[in-house]
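When you get a sec, could you build the whole thing from the sequences and use the hints?
Protein chains in written order, with the working numbering: chain B, 1 to 222; chain A, 223 to 467; chain S, 468 to 683.
Please keep in mind that the hints were generated in silico from the structure rather than gathered at the bench. We put the beta carbon where it would ideally sit given N, CA and C, even for glycine. There may be inaccurate statements among the hints.
[What the hints assert, rightly or not] Covered stretches of chain A (in silico footprint by chain B; criterion: 3 or more residues with CB under 8 Å from a CB of chain B, positions within the stretch not fixed):
(1) 290-300
(2) 305-312
(3) 321-331
(4) 355-365
(5) 373-383
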Amino acid sequence: MYFILEYSQFIIEGFYVTVTMTLVGLAGGVVLGVLSALGDVYGGKLLKIIINSYVEFFRGSPLIVQLLIFYYSIPAITGVKWDALTAGSLTLMLNSGAYQKGYFKGAIEAVFKDQLIAAKSLGMTFPQTLRHVVLPQALRIVIPPWTNEYVSLGLSTSALIVIGIRELTNVAVSISAQTFRPLEVYLFIGLIYFVWITLSLKVLDWVYNKVKIPGLAVSEVM
Amino acid sequence: MEVLACKGLRKVYGDLEVLKGIDFSINKGETKVIIGPSGSGKSTFLRIMGLLEPPTEGKVFFEGKDVYGENLNLNMIRAKIGFVFQDPSLFRHLTALENVKLGLKVVLKMSDEEATKKAMETLKLVRMDEWADYYPAQLSGGQQQRVGIARALAMDPDIILFDEPTASLDIELTWEVIDVMKDLARRGITMLVVTHEIGFAKEVADEIVLMDSGRIVESGPPEQMLKSPKTERAREFLGRLLGGV
Amino acid sequence: MIDPNDLLFLLQGVPATLAISFLSFGIGFALGIPIAVARQMSPSLSYLMEAYEKAFRGIPVLVFMLLFYFGLGGFVPFLKDPFTCAVVALGLRSGAFQSQIFRGAINSVDKQQMMAALSLGMTKTEAFRYVILPQAFIVALPGLGSEISLLIKDSSYAFILGVLELTKHADILRKASRSFVFPYLMAAVLYILMTFPIANYLDKWGSRLKTKYGLR
Ligand SMILES: Nc1ncnc2c1ncn2[C@@H]1O[C@H](COP(=O)(O)OP(=O)(O)OP(=O)(O)O)[C@@H](O)[C@H]1O
Ligand SMILES: [Mg+2]
Numbered sequence: 001m002y003f004i005l006e007y008s009q010f011i012i013e014g015f016y017v018t019v020t021m022t023l024v025g026l027a028g029g030v031v032l033g034v035l036s037a038l039g040d041v042y043g044g045k046l047l048k049i050i051i052n053s054y055v056e057f058f059r060g061s062p063l064i065v066q067l068l069i070f071y072y073s074i075p076a077i078t079g080v081k082w083d084a085l086t087a088g089s090l091t092l093m094l095n096s097g098a099y100q101k102g103y104f105k106g107a108i109e110a111v112f113k114d115q116l117i118a119a120k121s122l123g124m125t126f127p128q129t130l131r132h133v134v135l136p137q138a139l140r141i142v143i144p145p146w147t148n149e150y151v152s153l154g155l156s157t158s159a160l161i162v163i164g165i166r167e168l169t170n171v172a173v174s175i176s177a178q179t180f181r182p183l184e185v186y187l188f189i190g191l192i193y194f195v196w197i198t199l200s201l202k203v204l205d206w207v208y209n210k211v212k213i214p215g216l217a218v219s220e221v222m
Numbered sequence: 223m224e225v226l227a228c229k230g231l232r233k234v235y236g237d238l239e240v241l242k243g244i245d246f247s248i249n250k251g252e253t254k255v256i257i258g259p260s261g262s263g264k265s266t267f268l269r270i271m272g273l274l275e276p277p278t279e280g281k282v283f284f285e286g287k288d289v290y291g292e293n294l295n296l297n298m299i300r301a302k303i304g305f306v307f308q309d310p311s312l313f314r315h316l317t318a319l320e321n322v323k324l325g326l327k328v329v330l331k332m333s334d335e336e337a338t339k340k341a342m343e344t345l346k347l348v349r350m351d352e353w354a355d356y357y358p359a360q361l362s363g364g365q366q367q368r369v370g371i372a373r374a375l376a377m378d379p380d381i382i383l384f385d386e387p388t389a390s391l392d393i394e395l396t397w398e399v400i401d402v403m404k405d406l407a408r409r410g411i412t413m414l415v416v417t418h419e420i421g422f423a424k425e426v427a428d429e430i431v432l433m434d435s436g437r438i439v440e441s442g443p444p445e446q447m448l449k450s451p452k453t454e455r456a457r458e459f460l461g462r463l464l465g466g467v
Numbered sequence: 468m469i470d471p472n473d474l475l476f477l478l479q480g481v482p483a484t485l486a487i488s489f490l491s492f493g494i495g496f497a498l499g500i501p502i503a504v505a506r507q508m509s510p511s512l513s514y515l516m517e518a519y520e521k522a523f524r525g526i527p528v529l530v531f532m533l534l535f536y537f538g539l540g541g542f543v544p545f546l547k548d549p550f551t552c553a554v555v556a557l558g559l560r561s562g563a564f565q566s567q568i569f570r571g572a573i574n575s576v577d578k579q580q581m582m583a584a585l586s587l588g589m590t591k592t593e594a595f596r597y598v599i600l601p602q603a604f605i606v607a608l609p610g611l612g613s614e615i616s617l618l619i620k621d622s623s624y625a626f627i628l629g630v631l632e633l634t635k636h637a638d639i640l641r642k643a644s645r646s647f648v649f650p651y652l653m654a655a656v657l658y659i660l661m662t663f664p665i666a667n668y669l670d671k672w673g674s675r676l677k678t679k680y681g682l683r
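Pasting the structure below:
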């Protein structure tokens with residue numbers, strides 16, 4: 001399998017794109033997820049409808065189709081041209097945000113109403129309550145489901161191949177086409193994904209154990 | 223001096239009239255105990271007096287000022303009215319100490335050092351200083367409730383409202399909490415307490431108030447209320463509460 | 468504005484999409500339950516099963532499709548066909564996912580139930596078959612609903628192998644009609660029309676049965 005090492009430069013670049021796109025999608029998804037969860041829990045009727053249509057669209061259709069829409073359809077409708085990386089990042093953020101909204105909503109609702117009233121009785125304003133009572137708990141509670149989102153988004157970045165982004169799977173396709181040795185190439189690339197995801201899970205687990213607070217877990221709160 | 227009062231208080235939820243016109247007042251240093259059957263509106267009354275929800279009709283006065291009539295900062299008044307809930311409602315991500323400090327820092331803008339000092343003093347008062355670094359989930363119900371009292375007390379409120387603080391505790395834990403509350407009453411803290419712990423009322427209350435179906439039926443000093451209530455309704459309810467049939 | 472012929476053309480991709488999804492769900496179901504039960508009953512098998520689950524949780528399903536089609540297609544005759552490769556890859560992954568769903572569901576069934584069944588003289592296998600599994604199945608329904616809709620969405624990876632499913636039809640239509648908007652948006656709508664009712668229905672059905680039998 002040494003022939004693969006000749007392509008290590010390619011592979012490293014592809015891996016870099018895969019990881020970066022995952023992190024970009026997750027980061028954008030956190031912002032969108034928190035905002036839409038807050039809107040869905042505390043917002044007005046119209047806002048709830050808008051948020052839930054957004055979530056329904058991105059959770060109900062395939063990422064591949066969403067990527068094609070953002071790469072081909074949206075520029076055609078708006079006349080704004082953007083490159084594949086922009087279209088890909090936007091799609092990943094919106095897609096992940098739709099899933100993360102569900103996790104954050106569950107976590108926000110798990111911060112029981114009695115604590116909100118207790119905060120009010122101390123004279124705390126709503127923003128103060130959000131910042132000091134709701135979010136610190138919700139962010140901790142959300143880590144385990146959020147870990148799943150990290151894994152599933154990380155693996156779905158392979159869909160970026162449909163708009164031509166040179167991520168890890170796309171690199172594998174090229175190497176396999178050049179070397180005519182698909183079996184080794186895909187096994188090797190699969191191994192890279194596997195090691196990356198396994199290590200990431202270990203790190204996230206470590207983080208969770210670091211910030212964990214007795215009695216504040218999904219199973220006990222929700 | 224009058225701390226908290228209300229006039230013509232009504233509260234309606236949908237079609238349900240829960241409070242049907244209540245006049246009430248409590249002075250500095252007094253302890254008043256509210257009793258009454260389930261569903262009579264005690265909690266609702268307390269929540270409105272604690273400014274946790276507005277009345278449908280009527281006025282609430284804090285230190286003589288019409289709370290909803292003038293353009294007052296409600297949060298600043300809430301900070302001066304302590305509230306202890308039936309379920310301790312502690313912030314679950316914070317230790318006992320941090321629970322007490324939060325209001326001091328966020329609302330009263332104390333420095334971390336000041337807040338820690340004040341919080342530790344208050345935890346000592348409720349005999350919880352040794353548990354300062356424990357999280358709510360690691361404390362018993364009675365201990366949590368005492369931290370809840372410390373959280374309210376540390377703000378140096380002008381009055382503390384208690385809504386059945388021992389209702390979800392078993393007997394021994396109830397004593398722990400009642401002892402702490404008696405202490406506070408003797409220190410001259412103004413307290414309005416919904417409870418059916420008659421021993422507490424007998425020992426420290428200046429007045430017992432009986433509520434029924436959204437009205438104050440009768441009120442008076444404990445000796446009189448417990449021995450010779452004037453109304454038939456009070457005789458009946460107290461008879462049952464004190465162990466008659 | 469919508470050309471009915473275009474819509475009709477897109478709809479022709481739906482059967483293949485549904486076929487991939489349901490066949491792979493079937494494979495996943497057939498694998499999931501035995502694996503879940505085996506992991507409960509035999510610790511020695513557990514390692515192997517765990518490795519299988521971890522592989523499919525840690526590697527993109529697209530990589531498996533490419534591996535099967537291009538990598539193994541030369542040696543294994545039935546993997547010469549892209550449709551089969553898509554079904555097998557999705558089916559194996561679904562087996563890993565469904566085994567997790569069932570394991571969670573089995574664990575949620577009260578331990579007392581097993582003891583009660585054993586005390587009646589049932590064997591462990593009988594207890595599983597007649598007491599634990601029926602209850603676990605009800606608890607698993609919402610999870611199975613999300614699994615089906617996940618498969619419907621991920622069947623679109625088959626497009627990359629050239630399978631003539633819904634996304635491929637949308638792609639062909641875009642190239643043929645030079646319309647960049649209708650094909651993909653309409654495809655998205657069709658996917659939503661497929662995923663939403665199924666997941667919703669199984670979720671509702673599951674909750675109804677749970678309340679009915681007092682399960683948690
Ligand atoms: N937010 C609300 N919405 C609708 N109805 C309410 C609300 N809060 C209280 N009620 C109703 O008002 C009535 C009085 O309730 P409240 O909790 O004040 O009684 P209580 O005297 O404290 O009873 P308990 O001794 O059981 O605590 C009850 O019938 C209750 O169902
Ligand atoms: Mg009450």
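| query | Are there hints from earlier that the structure breaks, and if so, what are their numbers? | reply | none
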